[in-house]
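All chains should be built: construct the whole structure from the sequences, respecting the hints.
In case you want the letters, here they are:
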Amino acid sequence: MMPMYVRQILAVLRLELKKTFFARRGLWVYLVALAPALLYVGQDIEGPRHQKQLEQINRQHPLEPYKLANVTKGQTKQQVIALLGRPYSQRGPFGRPGRIQREIDWYTDGKREIMVEITDGLVTNVDPSGPPTIEGQTIVFATLFQNVYLRLGVFFGCIGIFANLFRGEMLDKSLHYYLLTPMPREVLVAGKFLAGLLVMCAIFCSGTTLQFAAMLGQFDRSVALNFLHTGGSAMLWSYVGVTLLACVAYGSLFVALGLLFRNPVVPAAFVLMWESIVMFMPVSLKELSIIYYLQCICPVAATVDKSMPAVLKMLVTSDSDPVTRRAAIVMLLAVSTVCLGIAAFRGRRLEINYAVE
Amino acid sequence: MSDSTIKLQNVSRFYGGVLGVNRVTLSIPPGITSLVGPNGSGKTTLMNLIAGLIRPSKGTIRVRGVSPSRPQELLRIVGYATQFDSFPKGLTGFEFIYYYLRLFGFDSRKARSMADIAIDRVKMSDAAGRKVAAYSKGMRQRIKLAQAIAHDPVVLVLDEPLNGLDPLVRAQTIELFREFARDGRHVLVSSHVLHEVDLISDQVVMLSNGYVVAEGQIRDVRGEIRDEPMRIVVRCDRPGELASRIFLLEGVVEARMLDRDAVLVKTHDPDRFYLAINRIALDGIRVEGVWPADDDVNSVYEYLIGNEGASR
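Residue numbers (the working numbering), protein chains in the order written: chain A, 1 to 357; chain B, 1001 to 1312.
Honestly, I wouldn't trust all of these hints.
One side only, chain A facing chain B, incomplete, derived with CB under 8 Å [as the list claims (entries may be wrong)]:
| # | residue |
| --- | --- |
| 1 | K19 |
| 2 | Q78 |
| 3 | L144 |
| 4 | D172 |
| 5 | L179 |
| 6 | T181 |
| 7 | M183 |
| 8 | P184 |
| 9 | Y354 |
If you are wondering where the hints come from, they were derived from the structure by calculation, not from laboratory data.
Every value quoted in this text rests on a predicted model; they were computed, and no experiment measured them.
Glycine included, each C-beta is placed from N, C-alpha and C at the ideal position.
Have a look at this one:
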């Protein structure tokens, strides 16, 4: 015979899933979770099309591959033309006559492409790009995952789902039905948290998996399978695990905030701000943020564009020595336990007074 | 359970600086008890306190011996249909009852059977498969009632349960209350409709501005109101003669003809009046009937609270 509290938690789960899974007002969370995967799908479609375009251009403007590497900063426009010929595409010149004149030229050898920026007749920037590589794409994935998916997607998804577990029902004036059942409030908090977690994990862990699959969709099947067999699967599972831990940590935080504050958006905004600015702060303060520990357990470190402003670089990378994965996981679980403890305590003292909500 | 009453001992509840109820001491026996009072008098606060949805600022509450601070025990014996006309989203009437019964720990089969019984008792079987959001006001009231009675509580607390019901359903619902009361259970009802309170209640609790101003059986409550003379109607064959003789009695402040064969008497001493009427009957005036005209809830309400909510 199952213990009563387990039966009650399962009953809360059933009821919450019935009420909230695929509920219309939560559809935006699905969109947030799927948006990065959609970007990758777009790239999967656009990548081969662009590659074919480059091959076609190269047939019209044939260019030896080694010549692209010979373009360097400081060369004159004439030298570049002498080396590569006329660009297949050009933008500019920009700027008023008599002032600084800028133009951007594109060249391709059929596989790779370079963008040459010319200011007042001199090359000021050369930006090469080639067909995607698995290594390059895993770094792009890591950067997008940590800086967009975790920081914004999972974060706002957790606000939408967990902060409303109690607050939403207070606003709907339907929370009293729960409080009129002979269920310990701690069990109610646990049941609702687990229901939220189940929904969040279903949405965001699926989102992570879809992104990863869509990222691999740019490559041949054999290349993708080889990658999965040589550590790619473990990487995917790590990302799913990080997503799960992010849902646990942010979820427990927002359940507590939803019970402590009448309008949890204000403290949530504070948390978002803190999670962003804390990266500019000493390590001891960095350790007071959830994103820091999440970044520590990601399988690939996020990287930055060399041209990115220094301030932004600090935001997306961690220059401190990361804590070990095990320590980071323990810290995240500890934070969650404390938050759930606070939520359970607040839940015990919960009263129905819709008039003030 | 040995204690079969609901006891409130010096209970107060404040919302910040606003008074909900103050120094309420009550002992409510089983049966139908109506809470009567104007808006803001503290009826809902009192019900929420009894059901444990809010805690008292002061005082103690025992519902058949169980404190509301022990919700796991209390809510197995209490069913509460609140005044809130709101429901969890997306559920049908049956699901609404069924899923909440599962929270009590009942297994699926038992919960299904209990939900069916409760729905049948409020005559909602035909609409049980429809979404609650599509129900009329009366249907929503009934499904709330079904939810409150589904786990077979011995204390039923109902906030304005007759609102929005058509006359037939109203009569069926009142009969349901009576069935519960006959089983020795508590049925605590708040209502604005005073003639209905009169009709259904075994006792009333009158509230005004957060204070209990009267409690008990309505006739006893009326008897306690000494300031207002009791109104008694006497139907007889010679009302004029009866009025002139009655008027001489000590305590009688008014005796006037109501129609050709009835007299309305107002007296501060009804016992003396009833003795006198016996003598008058023996003297040859044929008395066809004597009955009090103001021992109903409406009159008592008017005397104690004013006419703010009376005769509604």
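Worksheet entry | Per-residue hint verdict: A:L179, partner chain B, C-beta under 8 Å | holds, 6 Å
Practice prompt. Using 8 Å as the Cβ threshold, decide whether A:T181 counts as touching chain B.
Written response: With a minimum Cβ separation of about 4 Å from chain B (threshold 8 Å), the hint on A:T181 holds.
Discussion item. Please check whether A:K19 passes as an interface residue: C-beta within 8 Å of a C-beta belonging to chain B.
Written reply: holds, 5 Å
Fill in: Hint validity - A:Y354 Cβ closer than 8 Å to any chain B Cβ
Because about 7 Å separates A:Y354 from the closest Cβ in chain B, which is inside the 8 Å limit, the hint holds.
Item to complete: With chain B as the partner, please determine if A:M183 meets the hint condition of a C-beta pair closer than 8 Å.
Response: Result: holds, 6 Å to nearest chain B Cβ.
Worksheet item: Would the hint on A:L144 stand, with a C-beta cut-off of 8 Å toward chain B?
Response: violated, 34 Å
Discussion item. Quick check on A:Q78 please, does its C-beta sit within 8 Å of some C-beta on chain B?
Written reply: This hint is violated: A:Q78 lies away from chain B, its Cβ roughly 71 Å from the closest one there, beyond 8 Å.
Discussion item. Interface hint check: A:D172, Cβ to nearest Cβ on chain B, cutoff 8 Å. Holds or violated?
Written reply: Holds, about 6 Å.
Worksheet item: Does the nearest C-beta of chain B fall within a distance shorter than 8 Å of the C-beta of A:P184?
Response: For A:P184, the interface hint holds, since the closest Cβ of chain B sits about 6 Å away, which is under 8 Å.
The structure fails to meet hints 2, 3 from the earlier list, while all remaining hints are met.
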